[in-house]
Each structure stands twice: as C-alpha cells, then as structure tokens.
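Peer 1: These are the residues of each chain, in order.
Protein chains: 2
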Amino acid sequence: MSYQESAPCVAVVGVTGAVGQEFLSVLSDRDFPYRSIKMLASKRSAGKQLSFQDKAYTVEELTEDSFDGVDIALFSAGGSISKKFGPIAVEKGSIVVDNSSAFRMVENVPLVIPEVNPEAMSGIKVGMGKGALIANPNCSTIICLMAATPLHRRAKVTRMVVSTYQAASGAGAAAMEELELQTREVLEGKPPTCKIFSQQYAFNLFSHNAPVLENGYNEEEMKMNDKDVRVTATCIRVPVMRAHAESVNLQFEKPLDEDTARDILKNAPGVVVIDDRASNHFPTPLEVSNKDDVAVGRIRRDVSQDGNHGLDIFVCGDQVRKGAALNAVQIAEMLL
Amino acid sequence: MSYQESAPCVAVVGVTGAVGQEFLSVLSDRDFPYRSIKMLASKRSAGKQLSFQDKAYTVEELTEDSFDGVDIALFSAGGSISKKFGPIAVEKGSIVVDNSSAFRMVENVPLVIPEVNPEAMSGIKVGMGKGALIANPNCSTIICLMAATPLHRRAKVTRMVVSTYQAASGAGAAAMEELELQTREVLEGKPPTCKIFSQQYAFNLFSHNAPVLENGYNEEEMKMNDKDVRVTATCIRVPVMRAHAESVNLQFEKPLDEDTARDILKNAPGVVVIDDRASNHFPTPLEVSNKDDVAVGRIRRDVSQDGNHGLDIFVCGDQVRKGAALNAVQIAEMLL
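Same order as they appear, the protein sequences are chains D and U. Counted the way my numbering counts, the first sequence spans residues 211 to 546. Counted the way my numbering counts, the second sequence spans residues 211 to 546.
The following block holds chain D by itself, in its conformation from the complex (with noise of 0.2 Å):
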C-alpha cells in the first residue's frame, strides 16, 4: 500500500480480528494506493496501537461518524456490524465492501469474485458520487469457485457434491487460538478448553458449527448453493490453522476430459495446479497457508460417470486470504 494523494481514504472495520489484520497485510503487501487509513474496531479494542507500514496508528472506536470522508470501507467485524454499519458507511458516500454474510443475498448487492463475475460490480467506482455495497463471498465458496468456474465455462456444471475441510480460521483468531491451547492441553492429559466451540477440536473434527435449517443443511452449506448449478455441500470443520480444503465432484453438461481440465485450470487467473501423481504431491492446506492462489489437484475423470462427464478435483486456498481478505482487496482495487 502506498500513500498517494489522489487516492482514496479506506476505512478497515473489524482491524484486530483475524482478516482485519490479513486486510492490512494484502493492502501493503499489493501496494494499495490509499490518502489515508482508519483503524476501526469495537470499543473493547479502541485505543489499541498498530504499525502500519512504518508509521504508528490508534484503534478508533467504530461509531456513526466513522465513516466520514471515507471512500472504501473494508469491513470484517461480523454479521450485525456489518448490517448497522454498512448502511450508514453507504449513506456517508462510502462503497462498503464487505466480508461477512450480511448482504450476500440482498438483492441489488453484488457478490463478487475478481476472477469469476467481474461484471456484476460494473458501474460501481469510488467518485461516483455516492456510496454501494458489495458482497465478499463465503469463503469455502471463493475457494470451490476459483477452480470450478473456468470449467464451468468450457463445459457448463450441472451439479456439484462438496465436502469441505474447514481450518480453524473461518471462525476467526480466537478460534485458532483455542484448537491450539486444546491441542496443548490434550498432550498433556488435560481436558480441552471449550469456549469457541461447544466440543473438542484438538485431533477430532465435526459437523460444520453453523445453525442447521429446516432442510438438515446448516448455513455454511446453503451459502454454496447457486441459482443455475446444483450443488450439494456437506461442510466439516478439521483441526486445520488457516487454509481450507475441498473435496469437489463435478457433473458437466458437455464432456470434459481430465486433461483439458487440468490445461484449463493451469491457464486460470489466480489458480496453481499441484497434481503430480508419481510423487504423491497434491494440494495441502498447510502450502497454500498465506498464498493468494488457490491450488487445484487430484484432477481425475469421475470413474462413476459414463464418458467424460464427471470430473474429481481437490482445492485448496487460504482461508483469510483469498477466502475473504485478498478477495476483498481485490474488488476494492476494481474500484478505482
């Protein structure tokens, strides 16, 4: 990130939390022009000092008048900020983009990917003159995205079966925190800490802690759903730190070989393929950790689907990163 005085005032709400710091880390690490930066979050955090790129900045408490002079709001501080907020950030001039769940089905919102739906945010430019809200999708969705929709482009899915592998991260920095003092605690015979999450994390894994809906799907799950593909997600949180994985098994309309595939996936913006069979080196969780690319491998025909019309693939991508940071920084640099 770099200072430049035609450039806009960002605003980062939600600034000590897991992806309010990531936030910080991308804007400098991708150069992002800025006039200035506030530091927001809850009051508990308020007054708290933090070093950005060699000069020394003071947590503001976020209050209605935050967001004053402020052109891009980046936001990650939960469900209900974003939803009091957002609205008065839009309604001071500011284009709010934001990483929680808030908006992602309100009509007229877009929901956007960089990479896969560019166009849903045309029009919307910091000096239009006044203030929009964009969506940042869910994370396991960005992630699953990334490398299905350049196939979906060549072969059109009808139908996806999504098993996800969910890094501690999603559920933010505490909750890093805590799979790691419960791994701690289970070493040494102690029984594990529960205040994330209602049960041990350390070496086990569970259902998706997401409320469950009427249909037995919990949220997490219908946030992959789509209204042209039909998908079936079943979402597991793994004792995993930061990057999330995702075992994803494509139906196409026209056929696909694995090899077309995996030269598709190769050529795909913000994609890496690791599928290097006779080694036995596929995507980890653990080597995309703090990388902006999501990594695609075990790309196979789906040996249960007549022809080429099925495909296996396994992705992975970080979770603060491209799952919501990065992804983020990159809609507000369309901004400009």
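Possibly wrong hints are sitting among the right ones.
Since copy identity is lost for identical chains, a pair holds within one copy or between any two.
Cross-link-like lysine-lysine pairs, in silico, DSBU-like; alpha carbons within 35 Å at most [stated by the list, open to error]: (1) 464 with 293; (2) 405 with 476; (3) 400 with 265; (4) 400 with 464; (5) 437 with 302; (6) 501 with 340.
Because the hints were derived from the structure by calculation, they are not lab data.
Model the placement of chain U on the given structure of chain D, informed by the hints.
Peer 2: Relative to chain D, chain U alone:
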C-alpha cells in the same frame, strides 16, 4: 474371551501392532471362547511379554511352523506377511481372517462384513477339516457400507460420492505416534519429524498416501469400488487419532425419504444414529473412538437431486475396531 476345552486354538499374527492389540481387546470384550492363543509377530518383537486375561504370554516369532494345530488365525501384519504366511496357515488347516488387502480381490476368497454379507462365508466353519481364507474389507469401506447397505437394501444405491476424513491409526501405531510427536514439535516451533509420512501431518491434511493408479485414483479409493454400485471416492488423511469420518452422497434407484432412511438406520445392526439438528450434535471421530458401532448423522435429502432420489449422510467409525479388529473377530465368531 474365555478358556474352553472344546473351543478353537487361536493365533494372532501381528499382535504387537495397533490392530493386533485391538484383536486381543475385542476377543476379551466379547468373551470369545478359546482353548489356546498364540501371540505371533516379527522376529523383532519375539520374546516380548504380553499380559492377556491375567495370564502372561511371550510373543513368538512368526514362522512356517507357527500354525500347527491353529484353528483360527487373525492376521494384521501387512499385505506381504499375509501373502506369504496366509497360504501356509491354510495348508495347515487354519481358517485365516486377514485384515490386509492381500486377498481382497482374490476369487473364491469371501470379503465379509457380518452385518452386510454373512452369506458370502457360508459353509466355512471351524472343524470342517480344512483351512480357508476370509478377507476383512478395507476400513473406510466397512464404515461406509455399515450405513449405506441398509439403505441400499431398501432403495438400491446406484451411485455414491464419498470423501473421507481418515485417522492416523489407518497407517498403524507408528503413524499415531508420529502425529503426536509432530504436533508437539510444531507447538514448540520445531520442524516436524517426517518418517512415516513424507510431509507435515500436524495441523494439516493430505491426499491418502496410497500409490496413485493410472486413472488418477489412489489404491485406497479404488478399494471402495463395487461391481454393483458406481463409486467415486476421495480419500484424505486428517490429523485425528483413531476414527475415520466419511461424507457420503447417495443416489437411489427407488425414492427414499429422509425420515424413512433415519428409521432404517436406527434399526440397522452395528449402527447408531446421532442426528440432533437443534443442538448441532452429529457424529465425530472422538465420540466413536473405542466404540463398536458406526455412527451416522447429517441425514438429509440431497437438494441437488430431484425428489427423494438422493441423500447425504455423515458417518464416523472407529478404524481400529469396526474398521479392522472387531469386524475380523465378528467373522471369527461366525466360524464357530
């Protein structure tokens, strides 16, 4: 296990391994009748002292003479040991229940899950005057089929998409120790020791370490294939100690609604349903560890399929117990 004059002479091959130890535990728990029991292992373990049912045993080296007078031999010492010594035991008149993959695809060797296909071993009995081979299916397959078979009997499964979450125990006691050691090392900021697996396992996951075949599936995945049902599987190793989990998507020939499916599973032998949506309580590896029953939950109509022709379920089972030792001992019980 209890001593009886008329009961069979039993041998446990690979008695010092994770499954070998579990054989003893299950034999004891189930009060399996025996006249004598031989503790067999490699030369390296020979001479070790074991206590079983308050009696001291010395581990003997497995040799060609080990099976004289043995009625039932429970093998879990790896495929190459089974391939060499299985036929020798049969030659001596033993009935071999083998937990390796050595004989799973061999013609005339029944591959048996007692709750699923007991008829496959009809006619094989202790006292029939000759030896025989019976194969224990792969652990992931057993756990999946315990839940899928009762549903298949009602509505005929036509296709399954399976993603596994496999525990360390599947690779033996040394792998469990490596996971624990690595976890301690990572928490101390040290590089993890990678002897059993080629990469970091602590706080990570990876595609199953079985060799990858030409079609892109690994051997573990192909073990889940069936001649009657189309199966595509993705097998992933997760940092969990001893129970496997599996996300299973089912397609049915006949309609099957989720309430009927739940009732069928509640009444299925060896299956317990844990499916409490309100309190988000579903099967976990930890909860089924050291348990005999396979747990099934997340039972829901697949929204990506028409009508009631699809279901998603989530299954957990103790890999060492029902996935290996218990299933083999159940087979042995049917031999009496």
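Peer 1: Now tell me if each hint is right for this structure.
Peer 2: Each hint tested on the structure:
no., hint, verdict
1, 464 with 293, "neither (41 Å within a copy, 45 Å between copies)"
2, 405 with 476, "between (42 Å within a copy, 32 Å between copies)"
3, 400 with 265, "between (43 Å within a copy, 33 Å between copies)"
4, 400 with 464, "neither (55 Å within a copy, 49 Å between copies)"
5, 437 with 302, "within (33 Å within a copy, 64 Å between copies)"
6, 501 with 340, "within (34 Å within a copy, 61 Å between copies)"
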